[in-house]
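Chemist: Heads up: the protein sequence lines correspond to chains A and B, in order.
Following UniProt numbering, the numbering of the first sequence begins with 1 at its first residue and continues without gaps.
Following UniProt numbering, the numbering of the second sequence begins with 1 at its first residue and continues without gaps.
Rough simulated footprint, nothing fancy, chain A against chain B, three-plus residues with beta-carbon under 8 Å:
#, segment
1, 93-102
2, 121-131
3, 154-166
4, 169-176
Keeping only pairs whose Cα atoms sit at most 20 Å apart, straight-line, the calculated EDC-like set for lysine to aspartate or glutamate is:
#, chain 1, residue 1, chain 2, residue 2
5, A, K269, B, E78
6, A, K30, B, D150
7, A, K30, B, E144
8, A, K521, A, E511
9, B, K168, A, E285
10, A, K30, B, D157
11, A, K248, B, D98
12, A, K165, A, E240
13, B, K153, A, E35
14, B, K168, A, D8
15, A, K30, B, D145
16, A, K266, B, E78
Treat the hints as calculated values from the structure; they're not laboratory data.
Small disclaimer: the values here were computed from a predicted structure and weren't measured.
Just so it is clear, CB atoms sit at the ideal spot from N, CA and C, and this is done for glycine as well.
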Amino acid sequence: MYRYDNYDHQMLADRVAQFRDQTQRYLAGKLSEGEFLPLRLQNGLYVQRLAPMLRIAVPYGMLSSRQMRKLAFIADHYDKGYSHLTTRQNVQFNWPELGEVPDILAHLAEVEMHAIQTSGNCIRNTTTDQYAGVSADELDDARPYCELIRQWSTFHPEFAYLPRKFKIAVCGTRRDQAATQVHDIGIYIVKNDAGELGFRILVGGGLGRTPVIGSEICEFLPKKHLLTYLDAILRVYNREGRRDNKFKARIKILVRETGIDTFREKVEKEWQVLKDGPLTLTDDEIDRMRGFFHDPDYRDLPAQSEALQSALSKDVMFSAWYEQNVAAHKRSGYAIVTICVKQTGSPPGDLDTAQMNFVADLADEYSFGEMRITHNQNLVLADVEQDRLFELWQALKTFDLQADNLGLLSDIICCPGGDFCALANAKSIPIAEAIQRRFTHAELREIGEISLNISGCMNACGHHHVGNIGILGVDKKGEEFYQVTLGGSASNHTALGKVVGRAFSQEEIPEVVEKIVTVYKRHRESGENFLSTYERIGMDPFKTELYGEKPAVRH
Amino acid sequence: MSTYQLPKQLIANCELADNDWLWLGEDAEAADLQAIDGAQHVIAPVALWLSAQDQVAARQGHCIPWLGSADLAAQLAESVADINTIPMIALFFPVFSDGRNYSNARELRTTLGFDGDILAAGDVLRDQVFYMHRCGINVFAMREDQDLDDALKAFADFQDGYQVSVDKPVPLFRRR
Ligand code: SF4
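The following block holds chain A by itself, in its conformation from the complex (with noise of 0.2 Å):
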């Protein structure tokens, strides 16, 4: 993964030291509540519910050994002794005193890392697959690029005050799972017909109160291009983006008032000014960045691995969590492990300390120290020998991390929502929680692949939009209600989830969800997931089944 030179060290340095004399003064009363807010934003620090809450950089998802023991090391002192992985690859933690904020920063900045940027209206941290240069269908690592990009947004002196936030996405691998798609800008990573790899790039998705999914800006960029293309598109946002209405601030709505042909026109105009200036990458530069992301020694293997094949006979749980939590790595014997972090009680993404630990411990010892947070809030360890699996599987359950639900209904992404987040129209954990309880293991098993999504306001942090079953808590009256939507993905053919009708109590969510998978299996064909029954039969038959025969009435 990528390792600081002296000058990211110092940059760091400064930042931390930044910061420590801005909380200082705003402690001692010379910098008002609206004057630091953006500061403390862009060093990732919420003002919530319960107390401050602090949101760590994770940049794409990679975490080294070394980093995670630091940050259980963080949940302990600063913390409640759990941390909470978030849908953008981040860490978040709950409980962290304001003043005790700059030494937590000091302490990241021991492991090479930090907060900085991961709040407030300006670049935030660039996401990709997490399965990125071990995927054994991938185009490109796209990790590289993705530094690239962190390097180039961090302390953008131009960017740091934009209309609103800010998200970009890369993905190489053929199979989306960055959600690409809903990004302010989504990267995929493309070959031409001359053979030469280079980006096709989407402007203007975004989820939240309007949920949009982006338009192609462009077919095919030269890898050369890519930061001066990117000022171009910010240049061209920070201009012209809403400044009046904090709602339609975002890049998708002025793409969408300005048409994406128009915006395309203008944007090229700004980057024929930019293009082939200083910014311009070179070969030695993205060479110099894939060596960050060189393969480690792995290890020459046969492709069948003995010792699997006799465990997956021997034990059915083993089996089970093999088949639903261990994908294909381009490398002959090695596999990609999923821990997912949503053990039916504890709330989805959170680990405790003793995890934390332990994880770290795993990696090191089964994965070259590294290891990767997904945005479904799951963790990643990324080259794992076949023949040591049965051996990890055993150890993650001294642990509780043997969930083996990586794609079944109970892998729910949920937001923190009520339970501590201060914009939070309703809870969103317990309803997580009650969903998992309602359903059993070999049920989730017979429901197979389905993306259930919470978010406890239209903020949409839990991504319910792109759920194929999508919870979003809503204010009724003063009271916490729960809108169904159906039918969205976060695939490589992105869809917005529709809503089905009125909405319900948060008593009838388990029973809702119940009934959403009865009218699945009654219609499904052979081998045919939920999404695909849904795009087949359409909503009509959901509805019947939630609100009787009359379709109800929205409102």
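Fit chain B with the ligand to the supplied structure of chain A, relying on the hints for placement.
Modeler: Positioned in the frame of chain A, the structure of chain B with the ligand alone reads:
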């Protein structure tokens, strides 16, 4: 006609300097400009400045334009024969969180090749000075309540940056 009260002291090229400019508000008209003593240094809204070019010429460099957040530096450049005949261009920040003029500053310095002074005025605070400076602003009319000694420290907030900036014309990756 409204005026914006500039502070007594400016920060120019990282040092304190006396201010001798008078700032004319958005609603100033040609007649207002006419009525001001010829020796007075005046900062006029860009629309007025463009329409009163004979007066601007008569004031011999003592009358410069200011751009609001929605004004485009490129348009100003298109409207004059040589942008470098203007000794200083002012940028107004209505609130510190309005980032549009950062783009104007950077564009003036790069694309438009402007090498005169660029002044930031309005809601200009200590914690934004560093980025403004990197975008090419070199004269600061700090908001009245700001501690100027403290603001002077802002130039040393960071020793380096990843991107192209006015003091570092090539990005870090070409210097590593
Ligand atoms: S979706 Fe709403 S409730 Fe959930 S974390 Fe985001 S802002 Fe908070």
